[in-house]
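Undergrad: Letter by letter, the chains look like this.
Number of protein chains: 2
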Amino acid sequence: MLRKLLLIAFLIVASLARAADPLPSWNDTAPKKAILAFVEKVTKEGSPDFVRPEDRIATFDNDGTLWCEQPLYVQGVFALDRVKELAPQHPEWKDKAPFKFILEGNIKAALEGGDHALLELIAATHSGMSVADFEKIVTDWLAVARHPRFKQPYTQCIYVPMVELATYLRANGFKTYIVSGGGVEFMRPWTEKAYGILPGQVVGSRGKTKYELRDTGPVLMKLPAVDFIDDGPGKPVGINDQIGRRPLMAFGNSDGDIQMLEWATVNKNPGFALFVHHTDAVREYAYDRDSHIGKLDKGLDEAPKRGWTVVSMKDDWKTIFPFISSEPEK
Amino acid sequence: MLRKLLLIAFLIVASLARAADPLPSWNDTAPKKAILAFVEKVTKEGSPDFVRPEDRIATFDNDGTLWCEQPLYVQGVFALDRVKELAPQHPEWKDKAPFKFILEGNIKAALEGGDHALLELIAATHSGMSVADFEKIVTDWLAVARHPRFKQPYTQCIYVPMVELATYLRANGFKTYIVSGGGVEFMRPWTEKAYGILPGQVVGSRGKTKYELRDTGPVLMKLPAVDFIDDGPGKPVGINDQIGRRPLMAFGNSDGDIQMLEWATVNKNPGFALFVHHTDAVREYAYDRDSHIGKLDKGLDEAPKRGWTVVSMKDDWKTIFPFISSEPEK
Numbered sequence: 001m002l003r004k005l006l007l008i009a010f011l012i013v014a015s016l017a018r019a020a021d022p023l024p025s026w027n028d029t030a031p032k033k034a035i036l037a038f039v040e041k042v043t044k045e046g047s048p049d050f051v052r053p054e055d056r057i058a059t060f061d062n063d064g065t066l067w068c069e070q071p072l073y074v075q076g077v078f079a080l081d082r083v084k085e086l087a088p089q090h091p092e093w094k095d096k097a098p099f100k101f102i103l104e105g106n107i108k109a110a111l112e113g114g115d116h117a118l119l120e121l122i123a124a125t126h127s128g129m130s131v132a133d134f135e136k137i138v139t140d141w142l143a144v145a146r147h148p149r150f151k152q153p154y155t156q157c158i159y160v161p162m163v164e165l166a167t168y169l170r171a172n173g174f175k176t177y178i179v180s181g182g183g184v185e186f187m188r189p190w191t192e193k194a195y196g197i198l199p200g201q202v203v204g205s206r207g208k209t210k211y212e213l214r215d216t217g218p219v220l221m222k223l224p225a226v227d228f229i230d231d232g233p234g235k236p237v238g239i240n241d242q243i244g245r246r247p248l249m250a251f252g253n254s255d256g257d258i259q260m261l262e263w264a265t266v267n268k269n270p271g272f273a274l275f276v277h278h279t280d281a282v283r284e285y286a287y288d289r290d291s292h293i294g295k296l297d298k299g300l301d302e303a304p305k306r307g308w309t310v311v312s313m314k315d316d317w318k319t320i321f322p323f324i325s326s327e328p329e330k
Numbered sequence: 001m002l003r004k005l006l007l008i009a010f011l012i013v014a015s016l017a018r019a020a021d022p023l024p025s026w027n028d029t030a031p032k033k034a035i036l037a038f039v040e041k042v043t044k045e046g047s048p049d050f051v052r053p054e055d056r057i058a059t060f061d062n063d064g065t066l067w068c069e070q071p072l073y074v075q076g077v078f079a080l081d082r083v084k085e086l087a088p089q090h091p092e093w094k095d096k097a098p099f100k101f102i103l104e105g106n107i108k109a110a111l112e113g114g115d116h117a118l119l120e121l122i123a124a125t126h127s128g129m130s131v132a133d134f135e136k137i138v139t140d141w142l143a144v145a146r147h148p149r150f151k152q153p154y155t156q157c158i159y160v161p162m163v164e165l166a167t168y169l170r171a172n173g174f175k176t177y178i179v180s181g182g183g184v185e186f187m188r189p190w191t192e193k194a195y196g197i198l199p200g201q202v203v204g205s206r207g208k209t210k211y212e213l214r215d216t217g218p219v220l221m222k223l224p225a226v227d228f229i230d231d232g233p234g235k236p237v238g239i240n241d242q243i244g245r246r247p248l249m250a251f252g253n254s255d256g257d258i259q260m261l262e263w264a265t266v267n268k269n270p271g272f273a274l275f276v277h278h279t280d281a282v283r284e285y286a287y288d289r290d291s292h293i294g295k296l297d298k299g300l301d302e303a304p305k306r307g308w309t310v311v312s313m314k315d316d317w318k319t320i321f322p323f324i325s326s327e328p329e330k
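If you're matching them up, the sequences are chains V and W in order. Using the numbering used here, you'd call the opening residue of the first sequence number 1 and step up by one each time. Using the numbering used here, you'd call the opening residue of the second sequence number 1 and step up by one each time.
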């Protein structure tokens, strides 16, 4: 009986401690302290750094910042799967790069075609249907696709500490946005459920669309033409187009996020920026300066000069995924 | 004493009645009833037409729907004023159309150059500075510019019933957006103060911008190139790019809004659309099918077929502006 009471008391205390800690998946190391201190100073009425809720804008990169981007960007996996799915309707693909290489399983050869191959791949898999139909294609694919290493749906391969952070910021009056190089139509179908981020708060790369009024109602058709690339110096442009203000906090993980982090912080006070550094080969992946995906090189040099926080996933995060991952990559 | 008490009682009753009426500037005619009935059915839990707050999107055209667009679009007046302001730095304009005509006060001749002249005018007055500097130019101009007929700042030439409507919708969990053919950077500096609509909820036409990191900090430079025209079939595209969902309610006043109203309503239930019809030559302006500005022709034919509400400013609005206007145009 006493043991049972002690156990109950312990559970209550633990749960209270958890309730008091808005970032329970973060270790009590410098990054967590920096985040909490910044949020306190900008939300405390009367503080010299107080920012009214309307101007509390937080922008998050997606690939590698909110969800796993290894061993290949999820949208890349999707495009490859779509080629296989659509191949029966395109007999000509058997003889045409990059499609023939993809169908032969030779991804390396497919990608050797460079930007041209990539644009052909995107056009073939991301256009020719309405925005609504594309949303269904993405949703259906995500329901069955699994991460090759973690054997989980991709929407489970999300970083719990970052989702906690976004939730914590919203609870403090922030608006949380995704600002990603990924396609906006690829993200919108699932970001609300995964991160609590609504479609209108997703900024991303875009194809052109065209409005048509059909007998069945109005549609927006996805055209095989790039409209906007939301990466590198494109990120402040995308932020300005869709949000219209410089962010108060910005979170990224690669050199493609440098300009967004500058836009949030350089010659701007208050402002906060953070890089997620992939340092955990056991629970996730370890990569930075030499990686083809999510390369973080210049950013690692810039961070200390700019006063940007760098999170080591290995040292600063108690948990990474909503599932247990403790098998190193083979 | 009794009279005084009666007066106080009257004022209390009037103020309570006003508090109970969310749209006091609207007459109790069909448009107001249609709005109230629609909002009730989509916000009432358990109603078959209930829409959760996250999906309550209301889109408002700006020129002629939220503020006065006669005798010339406000942004047009701004561009003409800028040409005069910048002329000393551009001696070559004395001999170059459309600038020479503007400087001679011959606006008709200036506009005869068509789209090319218009793009030259926009490029000369809306690019070559940072987004932040342009915001200051617009703000400074609005502080001194006055409407030629009403002698009021343009940000006072706004429609009280529509501002009430936007406020009422936000109080009912809606997100209110502007979706305008006007320039997004021209609107963002003042829409929060005038309408309660934040920069991130302003969708509009855009010029291209370019990110640069300077010694003084990062800037977004406005380039002399059109990026997107948010008019006609462009409105559903702009809505999709920035909001990512079809609107639940849409409000416009001209044929350029038809596609937005279709996007909110056609083969979609629930959905609500409304045209503001400019019928009041005494308090504002009367124009529709033959107007060069804010032409409402096809829209007037479409409205009854589509079940769209048409507001007659003369008959359905008690008040138009925040100031008293009762002198007909001379």
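Don't read these hints as lab results, they were simulated from the structure. Each residue gets a CB set at the ideal place from its N, CA and C atoms; glycine is no exception. One thing to keep in mind: the hints can contain errors.
The calculated lysine-lysine pairs, modelled on DSS-like cross-linking and capped at a C-alpha distance of 25 Å, are [stated by the list, open to error]:
#, chain 1, residue 1, chain 2, residue 2
1, W, K295, V, K210
2, W, K84, W, K136
3, W, K33, V, K208
4, W, K210, V, K193
5, V, K151, V, K41
6, W, K94, W, K108
7, W, K314, W, K268
8, W, K44, W, K136
9, W, K268, V, K136
10, V, K295, V, K41
11, V, K193, W, K318
12, W, K136, W, K151
13, V, K33, V, K208
14, W, K295, V, K295
15, W, K208, V, K210
16, W, K84, V, K44
17, W, K84, V, K208
18, W, K44, W, K108
19, W, K193, V, K268
20, V, K268, W, K108
21, W, K298, V, K210
22, V, K298, W, K41
23, V, K193, V, K151
24, V, K298, V, K268
25, W, K298, W, K41
26, V, K208, W, K208
27, V, K268, W, K136
28, W, K298, W, K314
29, V, K210, W, K268
30, W, K108, W, K136
31, V, K268, W, K208
Under 8 Å between C-beta atoms, here's a sample of chain W residues computed to sit facing chain V [to be verified]:
#, residue
32, L86
33, Q89
34, H90
35, K96
36, W190
37, G200
38, G217
39, P218
40, M221
Undergrad: Which of the numbered hints above does this structure break?
TA: 3, 4, 5, 7, 8, 10, 11, 13, 14, 16, 17, 18, 20, 22, 25, 30, 32, 33, 34, 35, 36 and 40
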